[in-house]
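Chemist: The lines below spell out each chain.
Number of protein chains: 2
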Amino acid sequence: MTREDLFEEIKKKRSFLCVGLDTDLDKIPAHLLKEEDPVFEFNKQIIDATKDLCIAYKPNLAFYECRGAAGWESLRKTLEYIPGNLFTIADAKRGDIGNTSLMYAQTFFNPEKSGLDFDSVTVAPYMGVDSVTPFLGFEGKWAILLALTSNEGNKDFQYLETEDDFLYEKVITISQEWAGPDRLMYVVGATQADAFADVRKLAPDHFLLVPGIGAQGGNLKEIAKCGLNKQCGLIVNSSRGIIYASSGEDFAEKARLEAEKLQKEMQHLLEKM
Amino acid sequence: MTREDLFEEIKKKRSFLCVGLDTDLDKIPAHLLKEEDPVFEFNKQIIDATKDLCIAYKPNLAFYECRGAAGWESLRKTLEYIPGNLFTIADAKRGDIGNTSLMYAQTFFNPEKSGLDFDSVTVAPYMGVDSVTPFLGFEGKWAILLALTSNEGNKDFQYLETEDDFLYEKVITISQEWAGPDRLMYVVGATQADAFADVRKLAPDHFLLVPGIGAQGGNLKEIAKCGLNKQCGLIVNSSRGIIYASSGEDFAEKARLEAEKLQKEMQHLLEKM
Numbered sequence: 002m003t004r005e006d007l008f009e010e011i012k013k014k015r016s017f018l019c020v021g022l023d024t025d026l027d028k029i030p031a032h033l034l035k036e037e038d039p040v041f042e043f044n045k046q047i048i049d050a051t052k053d054l055c056i057a058y059k060p061n062l063a064f065y066e067c068r069g070a071a072g073w074e075s076l077r078k079t080l081e082y083i084p085g086n087l088f089t090i091a092d093a094k095r096g097d098i099g100n101t102s103l104m105y106a107q108t109f110f111n112p113e114k115s116g117l118d119f120d121s122v123t124v125a126p127y128m129g130v131d132s133v134t135p136f137l138g139f140e141g142k143w144a145i146l147l148a149l150t151s152n153e154g155n156k157d158f159q160y161l162e163t164e165d166d167f168l169y170e171k172v173i174t175i176s177q178e179w180a181g182p183d184r185l186m187y188v189v190g191a192t193q194a195d196a197f198a199d200v201r202k203l204a205p206d207h208f209l210l211v212p213g214i215g216a217q218g219g220n221l222k223e224i225a226k227c228g229l230n231k232q233c234g235l236i237v238n239s240s241r242g243i244i245y246a247s248s249g250e251d252f253a254e255k256a257r258l259e260a261e262k263l264q265k266e267m268q269h270l271l272e273k274m
Numbered sequence: 002m003t004r005e006d007l008f009e010e011i012k013k014k015r016s017f018l019c020v021g022l023d024t025d026l027d028k029i030p031a032h033l034l035k036e037e038d039p040v041f042e043f044n045k046q047i048i049d050a051t052k053d054l055c056i057a058y059k060p061n062l063a064f065y066e067c068r069g070a071a072g073w074e075s076l077r078k079t080l081e082y083i084p085g086n087l088f089t090i091a092d093a094k095r096g097d098i099g100n101t102s103l104m105y106a107q108t109f110f111n112p113e114k115s116g117l118d119f120d121s122v123t124v125a126p127y128m129g130v131d132s133v134t135p136f137l138g139f140e141g142k143w144a145i146l147l148a149l150t151s152n153e154g155n156k157d158f159q160y161l162e163t164e165d166d167f168l169y170e171k172v173i174t175i176s177q178e179w180a181g182p183d184r185l186m187y188v189v190g191a192t193q194a195d196a197f198a199d200v201r202k203l204a205p206d207h208f209l210l211v212p213g214i215g216a217q218g219g220n221l222k223e224i225a226k227c228g229l230n231k232q233c234g235l236i237v238n239s240s241r242g243i244i245y246a247s248s249g250e251d252f253a254e255k256a257r258l259e260a261e262k263l264q265k266e267m268q269h270l271l272e273k274m
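Chains as they are written, first to last, in the working numbering: chain A, 2 to 274; chain B, 2 to 274.
Okay, chain A solo, but in the shape it has when bound (with noise of 0.2 Å):
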């Protein structure tokens, strides 16, 4: 999917909203575990809910592995089951040696060797350039590079001193040295909401994937006041909060209306713009 699709699929429905499909067989309604892949029928019904309020679907690849085989298997039909129009984030956090990176590469970016055809992937920047190209090289497929991202842990690494910035802020640069705003975005959280302005700094013409609204805190004015640019500019991402929203019968009618918030919110900042 390109630039262009994808900011006229943000005027259409006038949402930026990316729905994490977290799913975790512990948590979904107990009147589903009798169907023969309860993960995937749960994911049908929360696409079938959503899909005209949100732009994209990040599926957090951690949810289906940990179910091994059959877990890649609901996680190849929930792909398949998403409408071509929305984008598709693998939430990955892949990252290795170059031969390496492009196997994942093909994982997510290659159907006829994986079975999943994904737009994006989360990448993890530690091991620089040649842990990342390998996820540029396809057509109208994006890598997502880890900057700043919502979780306590950040203060660790990425708020390091170097010379004249911080780390995350070094990852923003030297990543523009590899590929430009068409294939390449950034992840920064949405806990981080003081860090927009310097963000869009370094990177003014970037799409943003934004995690952590809901249930890690995050304030979707706040990161919009510096965060949107003339294309939009921003994924923001909610999973549990959404997806989670009535634990009965009712789940996806509730993650409907979760979802119907944030995107009336979204619809009334794009207006300010």
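What the hints contain is simulated information worked out from the structure, not anything from laboratory work.
A few of these clues could be false.
Since copy identity is lost for identical chains, a pair holds within one copy or between any two.
Within a straight-line C-alpha distance of at most 25 Å, the following computed SDA-like cross-link-like pairs (lysine to any residue) qualify [to be verified]:
| no. | residue 1 | residue 2 |
| --- | --- | --- |
| 1 | LYS114 | GLU74 |
| 2 | LYS52 | GLU153 |
| 3 | LYS202 | GLY249 |
| 4 | LYS202 | GLU254 |
| 5 | LYS255 | ASP206 |
| 6 | LYS226 | HIS32 |
| 7 | LYS156 | GLY181 |
| 8 | LYS45 | ALA71 |
| 9 | LYS142 | GLU153 |
| 10 | LYS45 | ASN100 |
| 11 | LYS231 | GLY181 |
| 12 | LYS142 | ASP25 |
| 13 | LYS35 | PRO112 |
| 14 | LYS255 | GLU178 |
| 15 | LYS28 | GLY99 |
| 16 | LYS28 | LYS114 |
| 17 | LYS13 | LYS273 |
| 18 | LYS52 | TYR160 |
| 19 | LYS156 | ASP166 |
| 20 | LYS255 | TYR82 |
| 21 | LYS202 | LEU161 |
| 22 | LYS45 | GLU162 |
| 23 | LYS114 | LEU26 |
| 24 | LYS114 | ASP27 |
| 25 | LYS231 | ALA253 |
Keeping the supplied structure of chain A fixed, place chain B upon it in accordance with the hints.
Modeler: Using the frame of chain A, we list chain B on its own:
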């Protein structure tokens, strides 16, 4: 597996060799392709041919997951086939926010959930404390944290200067607040031989997982000089140099010869300790 168990195995085998199972359908001998699961069949023969010469096996996750559910099934069967006295490493470079890292830990350490029961998993440090600690809570299991990797891209961030040391040194220092040398190891690339003295100052007792000899150019003797400690403290990996020593029907024999060369060299280095 405990540190003592691992050291016993090293003394018994006179070896600190790890065989990397980067098993690629496009590279294994053609005659295996008629098997039901060629990747497992290849691994099985490699394991049979090398298990008395090495102390660990390290499947590289990318090479399995790029084949989707089928690849995970090959991985599960491979792991099950490895004898219990050998240390197993899921080379997965995982790491995410706390609840997600816990799912990854379950993937590799909880056979009831995933079918996999590895002794250890490689973990990326970028997301800090809560991304690593979930891997440290399993009795007899290990996190192997990326410190200084073997690839070209290590220059981008790992050698960035922070206050008074390099980022990779900060990773080693800070992570020691999370666990001791009974739960935590570090990845230090064989291509970085000059750094081993500095690493040993910071982490005298830890086991180091050392990739990058052979195809990547690292030298065993150079690493051993500063890397060996009183419990050996090194697990040196070779992947391509062993498993792809021949592309013919004699691949397992030739793999054994390459493993034997390294084992002999290691025996010699251990005797000089």
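Chemist: Against each hint, give a clear statement of whether it holds in the structure.
Modeler: Results of checking the hints against the structure:
1. LYS114 / GLU74: This pair counts as both: shortest intra-copy Cα distance 14 Å, inter-copy 15 Å.
2. LYS52 / GLU153: neither (31 Å within a copy, 42 Å between copies)
3. LYS202 / GLY249: Result: close neither inside a copy nor across copies, 45 Å intra and 56 Å inter.
4. LYS202 / GLU254: neither (40 Å within a copy, 58 Å between copies)
5. LYS255 / ASP206: Classified as neither; 35 Å inside a copy, 53 Å across copies.
6. LYS226 / HIS32: neither (42 Å within a copy, 61 Å between copies)
7. LYS156 / GLY181: between (27 Å within a copy, 21 Å between copies)
8. LYS45 / ALA71: both (16 Å within a copy, 23 Å between copies)
9. LYS142 / GLU153: between (30 Å within a copy, 24 Å between copies)
10. LYS45 / ASN100: Intra 35 Å, inter 23 Å, cutoff 25 Å: inter-copy only.
11. LYS231 / GLY181: Only inside one copy: LYS231 and GLY181 sit 16 Å apart there, 49 Å across copies, limit 25 Å.
12. LYS142 / ASP25: between (27 Å within a copy, 24 Å between copies)
13. LYS35 / PRO112: between (30 Å within a copy, 22 Å between copies)
14. LYS255 / GLU178: Neither: 44 Å inside a chain and 42 Å across chains, both beyond 25 Å.
15. LYS28 / GLY99: between (37 Å within a copy, 17 Å between copies)
16. LYS28 / LYS114: between (31 Å within a copy, 15 Å between copies)
17. LYS13 / LYS273: Classified as within; 16 Å inside a copy, 71 Å across copies.
18. LYS52 / TYR160: neither (36 Å within a copy, 44 Å between copies)
19. LYS156 / ASP166: Intra 14 Å, inter 17 Å, cutoff 25 Å: intra and inter.
20. LYS255 / TYR82: within (21 Å within a copy, 46 Å between copies)
21. LYS202 / LEU161: both (19 Å within a copy, 22 Å between copies)
22. LYS45 / GLU162: neither (44 Å within a copy, 48 Å between copies)
23. LYS114 / LEU26: between (27 Å within a copy, 10 Å between copies)
24. LYS114 / ASP27: between (30 Å within a copy, 11 Å between copies)
25. LYS231 / ALA253: So LYS231 and ALA253 fail the 25 Å test inside a copy (33 Å) and across (59 Å) alike.
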